[in-house]
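Start from the sequences and build out the full structure, keeping to the hints where you can.
Residue numbers (the working numbering), protein chains in the order written: chain A, 1 to 742; chain B, 1 to 155; chain C, 1 to 449.
No false leads were mixed into what you were given.
Computed, partial: chain C to chain A, Cβ under 7 angstroms:
#	residue
1	G387
2	V388
3	P389
4	P395
5	A396
6	E399
7	Q400
8	S402
9	P438
10	I445
Just so you know, the hints here were simulated from the structure itself, not pulled from any lab data.
Backbone N, C-alpha and C fix where the C-beta goes; we use that ideal spot for every residue, glycine too.
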Amino acid sequence: MNLPIESLNLTDPVNVSRRRFLAGTAVGALVLGFGLPLGSGRALAAAAATERGTQVPAFLEIRPDNTVRLLSPFMEGGQGTHTAMAQIVGEELDADPATFLVEAAPPGEAYVVLDNGMRITGGSMSVRLSYPTMRRLGALARAMMLQAGAEKLGVPVGELTTEPGKVVHAASGRTLTYGELAERAMDLPVPDPASVKLRDPSQFRWIGKPVKRVDAYDKSTGKALYSIDLKVDNMLHAAVQHAPRLGMTVGSLRNEEQVKAMKGVHSVHQLPGAVAVVAERWWHAKRAVEAIQVDWLEAGADSRLRSMPADFSSDAYVKRLAAEKGPARDAENEGDVAATLASAKTTLQATYHNQYLNHGQLEPPSALARFNPDGSLEVWLPNQAPDMFRADIAKRTGLDPARITLHSPLLGGFFGRHFLYESANPYPQAIALAKAVGRPVKLIWSREEEFVRDALRPIAAVNFRAALDSDGMPLAIEAVSATEGPTEALAGKQGEKIDPTALEGLAGKSYAIPNKRIAQIYVKGPAMLGYWRSVGNSLNDFFYEAFLDEIADKGGKDPYELRLHLLRDNPRLTTLLQAVGELSGGWKRGPFTAEDGSKRARGVAMASPFGTQTAVIAEVSIEHGQVKVHDIWQAIDPGSIVNPAIVQAQVSGAVALGLSQVLVEEAVYVDGKPRARNYDLYPILPPSRMARVHVRIVESGEKMGGIGEPPLPAVAPAVANAVARLTGQRIRSMPLSRYTFT
Amino acid sequence: MELRINQKTYQVDADADTPLLWVIRDDLGMTGTKYGCGLAQCGACSVLVDGNVVRSCVTPVAGVVGREVTTIEAIETDDVGKRVVATWVEHQVAQCGYCQSGQVMAATALLKNNPKPSNEQIEAAMVNLCRCGTYNAIQAAVHDLAGLSATKGEA
Amino acid sequence: MNNSRFARTAGWLAVPCLIAAGLLAWYVTREPVSPFESRQVAVADIDPALVARGEYVAPLSDCVACHSVPGGAPFAGGLEMATPLGAIHATNVTPDRETGIGNYSLAQFDRAVRHGVAPGGRRLYPAMPYPSYAKLSDDDVRALYAFFMKGVAPVKQANIPSDIPWPLNMRWPVALWNGVFTDSAPYVEKAGQDPLWNRGAYIVQGAGHCGSCHSPRGLAFNEKALDESGTPFLAGALLDGWYAPSLRNDHNTGLGRWTEPEIVQFLKTGRNQHAVVFGSMTEAFNNSTQFMNDEDLAAIARYLKSLPGDHQRDGTPWQYQSVAATKPNTPGAHTYETRCASCHGLDGKGQPEWMPPLAGATSALASENASAINITLNGSQRVVAAGVPDAYRMPAFREQLSDQQIAEVLTYVRSTWGNRSEAVDAKAVSKLREHTDPASSSPIILQMR
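This is how it looks when you write it as structure tokens:
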């Protein structure tokens, strides 16, 4: 392909080029890496501020046209956090969120704004844990605008007010736009954080309103740029072929000379656990790297990575987990479960398990690395924790972190994929290749290479036991989960305390059952694990809430009524459960015949993930032997909210992912290899399997909870409970596509 | 070979079997068309060829010589496409947005060929995958464009 | 098992149960006479040119497809062939003296290759296509011997015993089967045919063993014809979940619409305007036909084009018909539009030569529907031409489409664009689903050296 890109640049505006980046679209600016002048006097002045999220100039740049450029501490991957940040900061700054241009901030202490001292986008933490800080940031910036206005107009600051985007001197009728004042304002010292007053929530114009997303237009027109889209001058493209099993290393290449001679190939490289081809075009790199015949070596005993054995089978592994006997560690132990079980007349037990999952985000992983002439390194990569990634790059390259510039473009899907997984990110390869070829390299993992290295959602086998009283009410519940949590997997070992991500959703349930024991048998598996939207809750609420329905059935109770009973002393959850019942037109378990003649039933389930409470009702029928989910009603109480439209969208999306995992998804390993390397054998929920989603937001006023993940976990058990009611088949595993229903 | 893309003529020197997707993205620098699977499974790479939606990841470039290709970059130059984009924004369809170029192309192709599609025709045409699960919003937007009242969900 | 190329062994394994014992013991244990009996060559004296020649004959005969496994040492054996009676494994044919064929004399090698008799008189299972290899010339056998002795590295790897239980594992009845169904003479040039045709006949009948898959088999799993003298020869056959179509001049289900250069192109590159290799042919292409020289490919094409078709069997000649403006509103048509049309086109014409047309495809015109079902369920293996895996592959739909949906979409394909063949039943899909596995999306490359 020898049309010179440079010449195209000059003649054709549709090309991505340095010129276009210079012209400065939002993300283009990011690509060029001109950030805010942090080294300048402004930042130094700001650095004096010690409280979190007070270095106003590090976050905000207000341009002469009144556009507010906000560097967000959080990554945008669809969850709407950039819009939420614009709303929150805009509310206090007094600037319309529609005038905001939001980009991900670079690494740096200035952007650590979460209450917990971390800089990570995940755990549904962004808004709920930075809310007061980001409001204060906006208020501080407004105070600086007012101060600058006072100086410029020569009036006491007390005579000034603001209207969206401007400072107003009512007495004289004079106004100054923020754009006119920004230069002066940003040179001012940041006021004492305690001195600013936040807006009364009753006066909110944007917080709590369905403000339009700041990225909606760009994302509807292909203008939004993701890591995979970026390009810098003189860049080469790279593709890899991964070892078929994690831990294996490159022995030798049988046909290196032949591959080097293929069209467009720049060079062939050996990397840890992979081979790579660098080429002028990605397509050439991809075809050439697939052609490499590699003799792979089994992992050495000193392998840093988990080594996947050649005989690993996920089906066999689940059976092994279910048979694990201990030792177990308790996360919760109340009352006397053993004695209650021993003395109760009615007991029941059941074993549940789940499946491995891929993240399946639609944007395949990529990374762009460039060594600058001064030896410094720039990397563009999808990530959800820039400081952690930069530290890792520093460790790998030996470079001082100050000499590493890290850019965090939009994420083409989040779902927990972009954490610092040792073996599941392309940036170490991209950096190694850029170094080797002395030119910038953009590496894209093909879908196939992604599916063989993705960090999987964990699996567990849970043995439940329960005891009922003579009225059929649960007296005791015990859940012993044989599993490895994702945090344990990242650490490579069991921690001193139980990994909360292993048991959340089994632990932390609110039902008033007097005797309960929730325990984990730690089993380190061979597959590399990661966080997957709603993490442990994604599996554990399925287990618990489905088994709770079994308890209800055993005791002759209606599962909705039983839950209400067990929550009778919990007004927040009672309200929520009643809300979802009402939303669904009144609890109706079925089976019943719908208007279209199909036989249907409903199931209910609840979950308490990430500080938010959720209740879900699902309506199902059977179509061609498979489960069809018609409607999902979800009541969600995150305490309070910032944007109802985004909450609605997040619920709808989380329901889709919840349906996907319960209906169709599964990463199967045979002979140590994933059977699916693409969406053909790893189906994700298609539009035809989507349910109508009905949402009710309940704002209890409790502490703000998360939004991105919480709506997911209760979906699967609600569906399974509805299926059990409809078909009489109690399915104790996911996905339901493994079964045929009649 | 000579390609017609977005009403402009380009000379590209590509192998005949190169997917149109990679010619558009790498040779011509138009990155709105996305790579998702390379296997005609997801639809993120959808473009229009002579007004019909095709998946550019499985379209050898030689096959579009002499035909008119439209990508997302030119979608607003088309009256229908412009309406689709506006409705997409109105309904706040996008989440991560990665699949939405393809979704917009699919909707545009549907409505250009059939301005008043039925619900069944919409379901038959809007089959691209979305991992964020924006399906209800997509359906609502297309129903809106087709003049149908929303029947699915509230999003 | 998708790649149990030798379920055909099942048929004749029934032979031991069917044929009464009592035939002469000498017959079943005797060692057939080899022309090399008194002409053993010392391995050290083998001419490198002969090794090189053997290195050509080996892929011509596709030895590697069975005697190597992916990731294993070349020719060290191990390919498992499932049979209803138990699994058997291809053997180590490296020149290792202990576990391979390092001790074989040329005559012993010859008896194994052309007659299916191992040293000591033990009969090989006819999973080894010796009924075809019997046609190999003495020169080619010598060349093969030279290659296996000097061109292949010895690998110590014990053979895996078969799972077949006694008494079904007795080998001697195979000799009786051989007596009835094989013809042990090397190919004799046919007078009145030009050298190209004769060369083609030699490869097709002999080394290439095309009939192993493409010729229909009799009750004892014998190929019904071993050369052009019998009309069943290469007339198409069902084997291991794939229908290997007719290689005769049948307009619909054979090569009637293909020119000789198109046949050459297909065997050399894996694709032409009519079709792309798939199913078990992918292995034959990846490991064998692409390595044949142009002259041999031209010879094959010449020979195949000389085999007459059978109008009666083949039916009314297919002609393309456009889909009516009002598209059929059936579930099958809908599935086609959403799942298949991106590559194969709404018009069924595909995107030759990368994605094959379904309009007029033999898999859509043949009454046997196994290939159509199998590839839809399981997708295609990677076609690796000249060392480079294909740019486009067929996805597997087994996880996305139900038996009913696959039956519907294939019924649509088989009844559209002029295609006229029987509807597909969901039960047939169900059966194949159960007995097959999805194709790997990674290229499988078997090493020869």
